[in-house]
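Residues in the sequence shown are numbered from 1 upward in steps of one, following full-length UniProt numbering.
The set of hints was computed from the structure by calculation and includes no laboratory data.
From a predicted model like this one, the values you see are computed outputs, not experimental measurements.
Some hints could be false.
Below, computed lysine-lysine pairings styled on DSS-like, alpha-carbon distance capped at 30 Å [unchecked claim]: (1) Lys-142 <-> Lys-197; (2) Lys-136 <-> Lys-173; (3) Lys-197 <-> Lys-136; (4) Lys-202 <-> Lys-173; (5) Lys-136 <-> Lys-200; (6) Lys-173 <-> Lys-142; (7) Lys-173 <-> Lys-197; (8) Lys-31 <-> Lys-18; (9) Lys-200 <-> Lys-173; (10) Lys-21 <-> Lys-10; (11) Lys-21 <-> Lys-31.
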Amino acid sequence: MVVSLSQMHKTLLAEWSKEQKNTNTIEQVLKQLGVSFHNFGDYYEISALVAVLRNDMAAFDDAIPRVLSFYDQCPTAAENKYLMVGLNLMFLLASNRLSDFHMLLESVPQSIQSGNPYISTPVRLEQSLMEGAYNKVVLTEKTIPSQFYSVFIRIMMDAVRSDIALSIERSFKLLSTRDAANMLLFQNDAQVNEFAKQRKWKSENGCFVFETESGHTDKPTLDTARIAKQTIFYAKQLEMIV
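Build out the structure end to end from the sequences listed, making use of the hints.
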C-alpha cells in the first residue's frame, strides 16, 4: 500500500520533533519523499504545457519557473529539460523580453545551443527577427521540433505583421491585394482580406487604398521593398518543404 505524501510528511515531522531522533528512520522517510517528489516532474511540466495549449501566457509565465526549479532540485528527472527551456526561450522572445532571453540562453552550454533543436530553434528565430528576415519565421513553423512551439511563432507573426502593416500604411497609397498578401506573409488573398478588415483598410478593385494625413513626415519603420524581395525567395523555399 502506497503511503500518502501527507502521511509521510507527518511521519517526518513526528520523527524530527523527538528529542532522541532516529536518523535511520528520518533518512528512510526523506528517501521516500524524494522518490515521490521526483515523480512530480510530470505535474509541473504538464501544468506549463497545458497553459501553452490554452494560449494562456500568464499561466505559462507562472508555471515555467517551477518547472526549471524542479530540474535544479531533481536533475535526474530532467529528461524534458531542453524542451521546457526552449519553450521558455520562445515565450521570452515572443514577449520581447530580450534581456531575459539572453540571460536564460547563457545558462545553456554552447554545444546544446547549436546542436539541440529545442534550443537552436529560438536562437535562429531571434537572429531572423533581428535581421528583419521575417519570412524565415514563417518557414520555421514548418520545421519546429515540437507542436508547442507553434503558439509562440504565431504570436511573433502577429507582431511582425502589425509592424509590416504600419509600414505599408505609411509607404503606399495603393497596394494590390496579392502584393499585400506577399508582404504580410499570408498564403492567400482570403487571409489578407480578413487581416485588412481588422485594420479597417479600404479595398477598391482588388487593391487597398491608403490615405496619409497631410504633412505626415513619419518614415516607414520597416524596409518594405526588401521585405517584398525576400518574400519571393522564401515563398519558393516554402513550397519545397513537405
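Right, here's what the structure says about each hint:
1. Lys-142 <-> Lys-197: Holds. Lys-142 to Lys-197 sits at ~27 Å (cutoff 30 Å).
2. Lys-136 <-> Lys-173: holds (28 Å)
3. Lys-197 <-> Lys-136: holds (26 Å)
4. Lys-202 <-> Lys-173: Roughly 11 Å between the alpha carbons, so the hint for Lys-202 and Lys-173 holds.
5. Lys-136 <-> Lys-200: holds (27 Å)
6. Lys-173 <-> Lys-142: Violated. Lys-173 to Lys-142 sits at ~34 Å, over the 30 Å cutoff.
7. Lys-173 <-> Lys-197: Holds: Lys-173 and Lys-197 sit about 17 Å apart, inside 30 Å.
8. Lys-31 <-> Lys-18: holds (19 Å)
9. Lys-200 <-> Lys-173: holds (15 Å)
10. Lys-21 <-> Lys-10: holds (15 Å)
11. Lys-21 <-> Lys-31: holds (16 Å)
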